[in-house]
Amino acid sequence: MSLALVPVDEAGVRDAVGQAAAERVALLVCGNGTKSGMLRPVQAARVLSTAGLSGISLYSPSELIIAAQAGTPLPEIEAALAEKGQQLTAEPPDLSRIFGATGKPQTIGGITATNLSGPRRVAWGAMRDHVMGIRAVTGRGEIVHSGGRVLKNVTGLDLCKLFTGSHGTLGAITEVTLKVLPAAESSGTLVLPNLSPRAAVVALSAALGSPYGVSGAAWMPAFPGFAGSVAFVRIEDFKASVAYRTEKLRGELGIPGTDILDEAASRAVWAAVRDVQPLPLTDADAVWRVSVRPSAGPNVLDSVASAGLRGFLDWGGGLVWLSGPASLESHACVEAAVRSAGGTWTLLRGPDALRAAVDVVPPEVPVLAAIGRRVKASLDPAGILNPGRMYAGI
Amino acid sequence: MIRLPDPKRDVLARRDAIVAGLRDLLPEASLISDELRLKPYETDGLSAYRQMPLAVALPETTEQVADVLRFCHRNGVRVVPRGAGTSLSGGALPMEDAVVVGLMKMNRILDIDYADRVATVQAGVTNIGITNAVAGNGFFYAPDPSSQLACMIGGNVNMNSGGAHCLKYGVTANNLLGLKIVTIEGDILDIGGAHLDAAGYDWLGLLTGSEGMLAIVTEVNVRILRAPEGARAMLAAFASNEIAGRCVDAIIASGIIPVALEFMDRPAIHACEAFAHAGYPLDAEAMLIIEVEGSVSEQDDLLDRLKAICQRFDPISLKVSQSPEESAAIWKGRKGAFGAVGRISPDYLCMDGTIPTSRLPEVLRRIGEMSDSYGLKVANIFHAGDGNLHPLIMFDANDPASFHKAEAFGADILRLCVDVGGCLTGEHGVGVEKRDLMPYQFAEHELAQQRAIKSAFDPDWLLNPSKVFPLLDAPAMAQAA
Ligand SMILES: Cc1cc2nc3c(=O)[nH]c(=O)nc-3n(C[C@H](O)[C@H](O)[C@H](O)COP(=O)(O)OP(=O)(O)OC[C@H]3O[C@@H](n4cnc5c(N)ncnc54)[C@H](O)[C@@H]3O)c2cc1C
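Residue numbers (this note's numbering), protein chains in the order written: chain G, 1 to 394; chain R, 1 to 481.
Take these hints with a grain of salt, some might be off.
Quick list of the computed label-pair ranges, beta carbon to beta carbon [unchecked claim]:
| hint | chain 1 | residue 1 | chain 2 | residue 2 | range |
| --- | --- | --- | --- | --- | --- |
| 1 | G | Thr102 | R | Asp300 | 28 to 38 Å |
| 2 | G | Arg373 | R | Glu325 | 23 to 33 Å |
| 3 | R | Lys332 | G | Gly18 | 54 to 64 Å |
| 4 | G | Ala392 | R | Asp190 | 47 to 57 Å |
| 5 | R | Tyr114 | G | Val367 | 39 to 49 Å |
| 6 | R | Asp419 | G | Ala392 | 44 to 54 Å |
Facing chain R, according to a computed beta carbon distance under 10 Å, are these residues of chain G, among others [said to hold, decoys possible]:
| hint | residue |
| --- | --- |
| 7 | Gln86 |
| 8 | Lys161 |
| 9 | Phe163 |
| 10 | Ala240 |
| 11 | Pro294 |
| 12 | Arg355 |
| 13 | Val358 |
| 14 | Val360 |
In case anyone wonders, no lab produced these hints; they're calculated from the structure.
All C-beta atoms, glycine included, are put in the ideal place defined by N, C-alpha and C.
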């Protein structure tokens with residue numbers, strides 16, 4: 001991969017893709033490349049980065065709407081929102097612990113293309129739930145838009161959902177418009193000590209099924225500053241409500257030794273959970289991100305333990321982060337565990353050879369795969385956008 | 001007037017054979033082909049348009065849906081999926097050469113899992129039916145279209161329906177985990193499941209709001225949520241639409257996201273008060289219904305904050321509900337708004353554009369001017385927090401000229417919505433109603449792209465083919481595919 005194209009505007013992206021389509025040259029589409037190691041390795045002669053398209057194009061706090069060019073650094077967006085007391089509801093993670101720090105910030109286009117969401121997802125929706133509008137350049141070299149800058153829009157097929165999480169295989173996203181929400185005044189956390197994963201998930205389910213608006217529910221085998229395993233339950237709201245609700249929920253859960261963290265500790269815990277800090281990790285380990293029904297999370301942990309994989313639970317048990325030896329056997333073990341639980345996996349990190357050899361995400365049944373190939377062909381007829389990123393040969 | 005595509009002559013000619021073929025696939029009572037019993041299916045919530053279908057199939061199982069679709073596909077027969085037929089955009093309007101596939105017999109709740117907070121229901125379960133099934137355990141299904149007593153979850157999925165409480169809880173798309181669908185070729189597919197955010201392409205998101213053009217939905221996994229400890233509403237009335245609009249901005253800016261924030265203008269207030277006797281202020285130009293949730297003391301606290309904000313805008317009146325009965329009365333007016341307007345004018349068109357909320361005063365002023373120039377009355381009701389407008393245009397169906405004027409007025413409003421940065425439809429869908437306005441919001445190549453995605457699911461354009469996209473002549477349609 002020699003040539004890196006870094007256009008500074010949408011027309012530049014269109015020209016770059018158009019030319020690649022005409023020449024049938026594959027493109028590695030990325031932002032700042034902080035998550036380039038994710039999914040399958042892409043064989044491409046050229047790199048097309050949207051990092052040059054930068055800046056917030058619209059921010060209207062009273063309309064709960066922000067729009068930014070795809071290359072806008074996430075921290076820049078978060079800072080602009082924080083100044084008005086708002087936030088990105090889906091709480092996207094910073095995965096530099098997993099992929100290594102590149103010295104560059106992740107971009108909003110990259111976060112959207114990977115549909116990565118943090119702990120708050122369980123209550124308030126994923127990135128994809130907050131993408132109100134998208135502009136992208138398709139593999140035909142055409143600029144298309146879907147959605148807009150309003151909060152409710154069902155006009156035509158929802159291509160926002162299709163582009164979000166498509167890992168740059170259907171289009172190069174050039175601009176994203178997001179619904180934002182006020183940041184809660186206060187954050188409080190219950191600490192449930194020394195529960196097995198199964199007992200923890202029962203408690204987390206009870207918490208998420210309570211009327212107190214729980215916005216985070218995680219379990220981990222260890223966390224700095226706590227002895228033994230620990231489960232956390234977060235409530236975000238006005239100060240008085242957080243005080244009332246955490247106390248009420250502590251009483252209802254009735255788990256001996258339950259503690260309540262203060263504001264600063266609560267925020268620190270959830271930043272760590274969001275950024276996958278609790279995952280035991282060596283340099284050689286592979287990393288998987290698994291989503292199952294919450295009650296099945298502990299089963300997944302159990303069944304991969306024999307292969308030497310370890311992990312922790314977020315989303316009330318439904319999100320299982322796993323790490324362990326980067327081998328075909330480990331991957332087969334994750335696949336088997338997820339299949340029996342009924343869910344979905346993503347091989348997030350691993351050596352190129354492993355990522356090229358396995359199904360990094362579950363393969364689709366043939367009928368759906370055929371529809372998928374036709375959709376891909378309609379958007380990228382020459383197959384030049386991130387070929388092979390999600391599925392071999394597509 | 002909206003044009004329907006020319007019926008396929010060969011299909012009409014084979015009508016008897018097609019009906020006989022379908023009869024072989026279905027239980028006796030599940031196939032309707034006589035005129036009398038077809039009649040109820042000739043229209044939907046957009047009752048100005050009517051068209052008798054070729055036949056109506058009412059399958060009882062996913063397998064029967066698959067059999068019917070496979071048969072229709074083999075025989076080149078068009079299919080119009082149908083839930084309760086409450087679509088306000090003509091999404092379920094039949095075609096002369098089409099078989100309507102109605103899901104109303106698939107009305108069972110298959111599974112409820114409170115620990116994992118998911119319910120699996122068949123497509124013909126009503127929206128309220130889901131909430132009723134889980135309410136005993138303190139849970140609910142969040143999206144609450146005003147038609148919730150009748151409309152079905154399969155219809156909700158295909159329209160991506162919203163409701164008054166979507167500001168906090170999101171629309172249908174935000175409350176789904178999985179679908180069982182049948183493709184036009186008769187293949188049964190599971191999309192998503194009981195877990196969040198399946199890896200791979202977001203088919204669940206693409207299918208949601210696809211207006212019956214990509215597949216037939218037979219089962220839905222919905223998220224169910226625990227209901228809050230309590231909820232209470234307040235009313236705030238203002239001297240002008242502008243002032244009420246500024247108050248909405250101030251509420252959002254304060255960091256409070258009320259669970260509902262509804263706006264009515266003067267004609268809507270009068271119509272609803274006459275119907276519901278909710279104590280709406282008749283001297284106001286605009287009124288907000290604001291609802292908050294939580295324990296009683298949390299409600300008190302939030303309502304105090306909201307009262308203080310409203311006070312800054314010289315309200316004509318402020319009334320906080322003192323009891324669940326009072327809250328219910330406040331909502332009765334709003335939820336019955338369409339019926340209430342129906343009492344003043346038996347015929348009205350319900351529009352559904354979305355605008356950036358900051359443009360509200362200007363848009364309402366322009367709608368008022370249009371109302372004068374068209375000589376048709378309009379009442380405005382809308383979801384203020386998210387800018388989703390519902391102007392109700394009143395007309396006289398006995399006078400064709402009046403209906404045409406109402407349609408032209410409606411189209412002007414929707415174009416205005418797009419002009420100020422909004423869109424043609426916030427929750428009712430494009431259907432046939434807004435189909436021909438699509439080029440106002442999308443460029444030709446963007447529509448071609450969307451058509452190509454439909455073609456990926458339905459290469460022969462048999463599934464609800466006359467909806468959403470402006471009609472192309474047949475060769476062009478084939479090219480798009
Ligand atoms: C009085 C009134 C109030 C309303 N209030 C609201 C509101 O507050 N919010 C809102 O969003 N809408 C509202 N609506 C509009 C309407 O109720 C919604 O669009 C609803 O989701 C339609 O559901 P249905 O079961 O009636 O579907 P239908 O009207 O039967 O069908 C709707 C569309 O979905 C397709 N379809 C239906 N079922 C399936 C299936 N199983 N598989 C594939 N395609 C299918 C049809 O082909 C059609 O295109 C209102 C309508 C009325 C009459």
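Hint check results:
1. Thr102(G) <-> Asp300(R): 28 to 38 Å: violated, 50 Å
2. Arg373(G) <-> Glu325(R): 23 to 33 Å: violated, 58 Å
3. Lys332(R) <-> Gly18(G): 54 to 64 Å: holds, 57 Å
4. Ala392(G) <-> Asp190(R): 47 to 57 Å: This hint is violated: roughly 23 Å between Cβ atoms.
5. Tyr114(R) <-> Val367(G): 39 to 49 Å: violated, 33 Å
6. Asp419(R) <-> Ala392(G): 44 to 54 Å: holds, 46 Å
7. Gln86: With a closest approach of 8 Å, the Gln86(G) hint holds.
8. Lys161: With a closest approach of 3 Å, the Lys161(G) hint holds.
9. Phe163: holds, 9 Å
10. Ala240: holds, 6 Å
11. Pro294: holds, 5 Å
12. Arg355: Since chain R brings no Cβ nearer than about 14 Å to Arg355(G), farther than 10 Å, the hint is violated.
13. Val358: The hint is violated - Val358(G) has no Cβ within 10 Å of chain R, the shortest such distance being about 13 Å.
14. Val360: Status holds, d = 8 Å.
Consistency note: the structure conflicts with the earlier hints numbered 1, 2, 4, 5, 12 and 13.
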